[in-house]
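Enquirer: The chain contents come next:
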Amino acid sequence: FCAEGEDLRFYWDEGLKLDSADKNFRLRIGGRIQADWAAIAASDGLDSALEAGGQEPIEGFGTEFRRMRINFQGDIYRDVFFKAQIDFAPAFEEGGAVEPKDVYVGYHTGTDLGDVMLGQYFAPFSLEAMTSSNYITFMERSIGIDVMAPSRRMGASLFNGAGERLTWQAGAFSTSEGEPDYDNEDNWFAAGRMTFLPWLEDDGERLAHVGASYAHQFVSGDNEIRYRARPEAHLAPSRLVDTDTLDADGSDLAGLEAALVLGPLSFQAEYVGNWVHRDDGAGDDLYLQSYYAFVSWFLTGEHRVYKSGVFSRVSPNNNFSPQGGMGAWELAVRWSSLDLNSQDVRGGKLQDVTAGVNWYLNPNTRVMLNYVHAMVTDRDSDGVVIDDRESADIVQMRFQVDW
Amino acid sequence: FCAEGEDLRFYWDEGLKLDSADKNFRLRIGGRIQADWAAIAASDGLDSALEAGGQEPIEGFGTEFRRMRINFQGDIYRDVFFKAQIDFAPAFEEGGAVEPKDVYVGYHTGTDLGDVMLGQYFAPFSLEAMTSSNYITFMERSIGIDVMAPSRRMGASLFNGAGERLTWQAGAFSTSEGEPDYDNEDNWFAAGRMTFLPWLEDDGERLAHVGASYAHQFVSGDNEIRYRARPEAHLAPSRLVDTDTLDADGSDLAGLEAALVLGPLSFQAEYVGNWVHRDDGAGDDLYLQSYYAFVSWFLTGEHRVYKSGVFSRVSPNNNFSPQGGMGAWELAVRWSSLDLNSQDVRGGKLQDVTAGVNWYLNPNTRVMLNYVHAMVTDRDSDGVVIDDRESADIVQMRFQVDW
Amino acid sequence: FCAEGEDLRFYWDEGLKLDSADKNFRLRIGGRIQADWAAIAASDGLDSALEAGGQEPIEGFGTEFRRMRINFQGDIYRDVFFKAQIDFAPAFEEGGAVEPKDVYVGYHTGTDLGDVMLGQYFAPFSLEAMTSSNYITFMERSIGIDVMAPSRRMGASLFNGAGERLTWQAGAFSTSEGEPDYDNEDNWFAAGRMTFLPWLEDDGERLAHVGASYAHQFVSGDNEIRYRARPEAHLAPSRLVDTDTLDADGSDLAGLEAALVLGPLSFQAEYVGNWVHRDDGAGDDLYLQSYYAFVSWFLTGEHRVYKSGVFSRVSPNNNFSPQGGMGAWELAVRWSSLDLNSQDVRGGKLQDVTAGVNWYLNPNTRVMLNYVHAMVTDRDSDGVVIDDRESADIVQMRFQVDW
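First to last, the protein sequences are chains A, B and C.
Using this note's numbering, the first residue of the first sequence is number 1, and each one after it goes up by one.
Using this note's numbering, the first residue of the second sequence is number 1, and each one after it goes up by one.
Using this note's numbering, the first residue of the third sequence is number 1, and each one after it goes up by one.
Take the hints with a grain of salt, since some may be wrong.
Each pair may be met inside one copy or between any two copies, as identical chains are not told apart.
Stated by the list, open to error - Below, a list of computed lysine to any residue pairs in the SDA-like style, where the Cα atoms sit at most 20 Å apart:
| id | residue 1 | residue 2 |
| --- | --- | --- |
| 1 | Lys307 | Arg28 |
| 2 | Lys23 | Leu331 |
| 3 | Lys23 | Ser321 |
| 4 | Lys349 | Ala190 |
| 5 | Lys23 | Asn318 |
| 6 | Lys23 | Gly5 |
Think of the hints as simulated: they come from the structure by calculation, not from any bench.
Note that the structure is a prediction, hence the values are computed from the model and not measured.
Model the full structure from these sequences, guided by the hints.
Expert: Dropping the structure here:
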């Protein structure tokens, strides 16, 4: 086939890329470093309620690498593709170990079936869950999405993202990665997501996106379900809401999503409803729900970039340089809500307001500043009792280089 | 020497390669993703015997990354070579961690001494053990080789693989990697292997290979030897045969190997005999043995590729593509046997029949389907008692991209 | 900015490098493999004293990968820089895991402020500590530097290394990496270092270097400080001196350093003094001190290479080759001392003499042979009592490929 080998062009185009002249071989060497600092404080009532439940108070100053990933991916022989991505950040912690993230092989069928994907990756569910952590607007995904979406799992799926306006993906997924918020490792998911652009103008500078996701979780035997959430700060030492373990044989998750890009101004919102089917005698079925909505505005005129059903990399109109460019500046505010109260379960209700400033020095460097105000009410679980509104405040920064 | 630097040509030739014009610098960036699925069932008698011994029954459906490796290797300044290879697959498991695999430095002496190699790599023993997992004909190496060959160890050796027909390697090896089937970490091996091609025609399309290996294991102090084996399926939860720990001060391993390539048809077989020298008072010395033989046939006309004493990468005559190419298709059947019964030890006897279909989409992509029928007899060890023949059946698939 | 991408030149210049034509993008793919062997023996009195304290005797023969690192680093968009470096060597050990090493992002301000660096890296302190393990003259850094210098920590600093003769760096650092010799994880450091070349001739072939470092360690709450040291051999199983845990609320470290390069002959020396401020009632404040001095001589005429305040890579005048070149040969002798006795604390006094031979086959390959004679006196801590001089002898080798 290529006995003498096929020359590869090595270049930088917002990342490290290698292509053969006929584009049959296209390889990418990528990575991301996200260094975080956070200062955290809480109302006295919240700290004492957490401590009464044997948990750490939400206080302190911390620093961590949120992600430190290397990935190698590519298309070879035109139709075969693969990705191998490793996160080294968990290895910084005492006793921590490296975590494989996206690891899969696949085949571009070139038909309406789209791509066959086998391995570990995000089960198709939710716009914010499936948008890369390099490109999300705030430092953390909203509480509801983070807790309820199936996240990365080992599975098989079909993905068709080639249509100009339509994408869909559906598959079956098993073992979950790392340390999920679900306590059970042996659950299965059937999951699917479909997105559509009813409006698309100016090469994506103006668009309206709508989408829907559905997932059924099969829980077998003694396995249990548990939902719990930190405020939108990974350095926060404790979870503020928690259903505790629920004896259940499954759950149905439904998600609705919408986004609107009007040049530098954009809006995004999602709703996730979750029907938890409890085991006989374990109580009535639950309905848990969450949603978020945010608005973002680029002061410097850029717009959020949409690509195959998710948001992608923003490139400043002028890169930052001491000689004059100021990069891209984005302001954003999000309201998010997670309600873990249903029937007899009082996991609590968490509402976060997040204000963010993002400074994109160039396409591959971003500094983020987030202020999060988290409000908890109506929790009585795992020894933590909160009646009136208690709150936590977090100021956090991220220095990100990704390529 | 090269103050301004030496330009490297970056190209794809069945893998990612970089060469300087004078070939003094030759670098390779490699990797492999092997995603496995398996369905496993056993006879009632086998499951109950295992459970009586406190082990998990051989039942279920599972999925795992068998290997997820990245490696960087090369020759620099013409004579110095090195390899650094890491396996991330074990990190997918709860509590699992990354495992370094081949990691060594060496020097091409350019004399009859061949290459000096220092570091961790496969101690020279057995054709199947030393053939890369990318190129083995079945999803797993045969039971006897997997259990008895010394595998990767830290050591020093001389390797001469430059002869057209003759290769030899000999060295001394200490600490073993990861979790070997040997219980003791502090054993030493002296090991050597020699191979020869009595017949070689048509540029390797027809050849006969013979080889012999010998290893002496030094076991010190309180250390013990233990041999145990799964059926030829890594996802199987339990070992079917097991000597339990043996008080021994050493063992002698001898291996004989042969292979015959007749164009698309090929045959391969090995025998390993193992004299275990038990400590005084621990019982008479043991003689354990294993062998396998297999036949492989490429329906599409390719042939197995031989290189310096082992088998290597197969390239389809026509890569698979929706426009017509069907890739390479290989059928293969293997019989393998491991006998862990000798003197008073009743570790059991395991015999596996494996039928395999391999589909090579292109030189770097392979889909494997294996059916394994494993038969255990005559075991009474570690609480597991099996008299009559009990059996397990496994259907397993692998999706492999390696480069 | 570079919609079509910017071509990168891929070349080998004592390492793997990629540059864009305008030098705005400069990337490096680096790594190091250090394979060590050591034989260790001790006086009977030392072994019995260690065993009386419940520690392993200093005896045996061992092998390990001291370091097995991969790193990816670069400058992008001219002013932004980053480095991601992982050490896989600790994963070779049972239960060991990968350790991230230098991981940071930064910005070249182009002003007198120098570079802003955020992430994990060596806190600025000591010439030997900040010289890469690829380039240090002996297999291990001297005992005092290894134990007292703050080493790698998560922090923020300013670094100005652009001056021809002057460098300075200062910053604040928190959580320490991996398993430090300090027992406490929650201490903080403010650290700074300044270096100057009073004499610089012949493009660095002759120079005099002086420098000073200062660090204040803040120790909070119940945290403790502990200093302890192996002889200068990482494979030695026990520490020879040990203060045991000290209740302290901080310490002040001051370091002085000097080096003189006279062509092939060079000298280097450092002194570190350490005032440990103990908690009220825990005893009087301590003054611990250490120093080393060494001389190195290149038989083959090369000289040690100085770069921005540290020593760097040596390139042989003639690379080793069977056709005649013999590489570079270096002889070196070091005297080092660590005194952990002060007030009521009898951690012991350790003095090492190390003789070394280094053979540089080419700029990226080095074989090191070290003989270490370690002498302990006057220790009474952690159950180990040594009055008269006891000693250990170590012969160790390293095979190193780094690029």
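Enquirer: Does each hint hold? Answer for all of them.
Expert: Quick rundown of the hints versus the structure:
no. : hint             : result
1   : Lys307 to Arg28  : within (18 Å within a copy, 30 Å between copies)
2   : Lys23 to Leu331  : neither (38 Å within a copy, 33 Å between copies)
3   : Lys23 to Ser321  : between (34 Å within a copy, 15 Å between copies)
4   : Lys349 to Ala190 : neither (28 Å within a copy, 42 Å between copies)
5   : Lys23 to Asn318  : between (30 Å within a copy, 19 Å between copies)
6   : Lys23 to Gly5    : both (14 Å within a copy, 15 Å between copies)
The earlier numbered hints that this structure contradicts are 2 and 4.
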